[in-house]
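Asker: Sequence:
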Amino acid sequence: MIGAVNLSAGYGGTQVLSAVNLSVGAGEFVAVIGPNASGKTTLLKTLASLLKPLSGVVYLDGTMVSKLRARQIARLIGVVLTEQLRPTQLTVFEVVALGRYPYTNPLNTLSETDSREVLRALADVGIEHLAARRFYELSDGQRQKVMIARALAQEPRVLILDEPVTYLDPRARVEVLLTLKRLSKERGVAVIASLHEVELALRVADRLIIVSGGRVALYDSPEEFVARDGPELLYGLGGETAFSPELMSIEFRPPNNGGPRIFVVAGGGSGSLVYRMLARLGYRLSTGVLHAGDIDYYLASLLGGRVISEKAFHPISPEKMQQALSEARDCQAAIYTSPPIGPLNSENRILAEEIARQGPPLIVFGNAVIEGAIARVDDPAALPELIGRALEDGLEARPAAVRR
0 MIGAVNLSAG YGGTQVLSAV NLSVGAGEFV AVIGPNASGK TTLLKTLASL LKPLSGVVYL
60 DGTMVSKLRA RQIARLIGVV LTEQLRPTQL TVFEVVALGR YPYTNPLNTL SETDSREVLR
120 ALADVGIEHL AARRFYELSD GQRQKVMIAR ALAQEPRVLI LDEPVTYLDP RARVEVLLTL
180 KRLSKERGVA VIASLHEVEL ALRVADRLII VSGGRVALYD SPEEFVARDG PELLYGLGGE
240 TAFSPELMSI EFRPPNNGGP RIFVVAGGGS GSLVYRMLAR LGYRLSTGVL HAGDIDYYLA
300 SLLGGRVISE KAFHPISPEK MQQALSEARD CQAAIYTSPP IGPLNSENRI LAEEIARQGP
360 PLIVFGNAVI EGAIARVDDP AALPELIGRA LEDGLEARPA AVRR
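Residues 0 to 403 (numbering that gives the first Met the number 0) are what the sequence shown spells out, left to right.
These aren't lab readings, by the way, just hints derived from the structure by calculation. From the three backbone atoms N, C-alpha and C, an ideal C-beta is built for every residue, glycine too. Don't take every hint at face value.
27 Å max Cα-Cα, derived DSSO-like pairs, lysine-lysine [as the list claims (entries may be wrong)]:
id	residue 1	residue 2
1	184	44
2	66	44
3	180	44
4	66	51
Simulated DEER-style distance windows between Cβ atoms [what the hints assert, rightly or not]:
id	residue 1	residue 2	range
5	187	139	24 to 32 Å
6	107	378	30 to 38 Å
7	18	63	13 to 21 Å
8	234	93	37 to 45 Å
9	168	219	26 to 34 Å
Please model the entire structure based on the sequences and the hints provided.
Answerer: Structure follows, in structure tokens:
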């Protein structure tokens, strides 16, 4: 479909990218990711024929793009750039109709076919009900869909988008990306989009183009990129930030500042919200007993917590139970996250009961009832205050010699 061979790209003779070789096929959704100022926009503009290559070739269906006339290129490549269309009195239909310029006569009169393609583009992005609305009346997410529809009205073989979701709220970001993914399959369009939202790119894209250090690399799948420690190396993650290949997420890992240590009895994903809250508030984390492979196991480990773990698909052993209880006694407070209980982790409820009897003050988060807990709460917003109270209670109850 579209590709580059030995491509060098830049501005005013200054080289930004070199030795670019890539190919994107029909029906593929390819995300372009990389640090700021790495050359993502330069690459996209060169592929779209908005920038002339310094050297090398961009081709489309085996034809050198440089040999095509502007109107031919406009029929083959649709482009949505970061520059926002200024608020206008035009209706949504009229804005999308601008995409028919490669096909209209010198007076830009719309034929029946042109109108049909405009309506098709509106329907394909789910905004046909907005056709009569003024463009300036729309939300940012709706405006972006209009711009995508305008590019689709060109009936392109390739759709190139520069940061199409940067200014959108989370819901609109997902909607736009899923729309692009669907269109790549339904229309057989090659979609190439630069994204700063790495976690979304890893979840949605078929393949990845990585731009960094003046070079471009193409990965056949997001999983291949992740398996090679790509996110960590590309963005220099480490220290207080870390990437989880299991969760496909970037997490904040707090420094060890000697703050109070909280023990969390969790499992089955019930601890994730609490772990992140404790990290945000600067508490040190201990947790258990978690089975290896549990989502809580991966997240707690990534956040630098002390994790007492059991082998996957094994019942919690007495040794792990005792280890967890010993760790909990060394903490200043504890939280039971009401994890789902079954034959393999039933000891965790017993662990919580033991902590309530002979450990630090215990807070129950969720619907479980543990005798001896100082409080039970369903609202996570109430946890910070309760933790503060638990820490005060714990210090008052402990002899000075064992306060940590």
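Asker: With reference to the structure, classify each hint as holding or not holding.
Answerer: Outcome of the hint check:
1. Between residue 184 and residue 44 the alpha-carbon distance is near 23 Å, which keeps this suggested pair within the 27 Å criterion.
2. This hinted pair checks out: residue 66 and residue 44 have alpha carbons roughly 17 Å apart, not beyond 27 Å.
3. Note on residue 180 and residue 44: the hinted pairing holds, with a Cα-Cα distance of about 21 Å set against a maximum of 27 Å.
4. Annotation: proposed proximity of residue 66 to residue 51 holds, straight-line Cα distance about 12 Å (limit 27 Å).
5. One distance hint, 24 to 32 Å for the beta-carbon pair residue 187 and residue 139, holds here, with the actual separation near 29 Å.
6. For residue 107 and residue 378, the hinted distance range of 30 to 38 Å is not satisfied, since their beta carbons lie about 58 Å from each other.
7. For the hinted restraint 13 to 21 Å between residue 18 and residue 63, the CB-CB distance of approximately 18 Å keeps it satisfied.
8. Remark: the range hint 37 to 45 Å for residue 234 to residue 93 is upheld by a beta-carbon distance near 41 Å.
9. For residue 168 paired with residue 219, a C-beta distance near 32 Å keeps the hint of 26 to 34 Å intact.
Consistency with the previously given hints fails for number 6 only.
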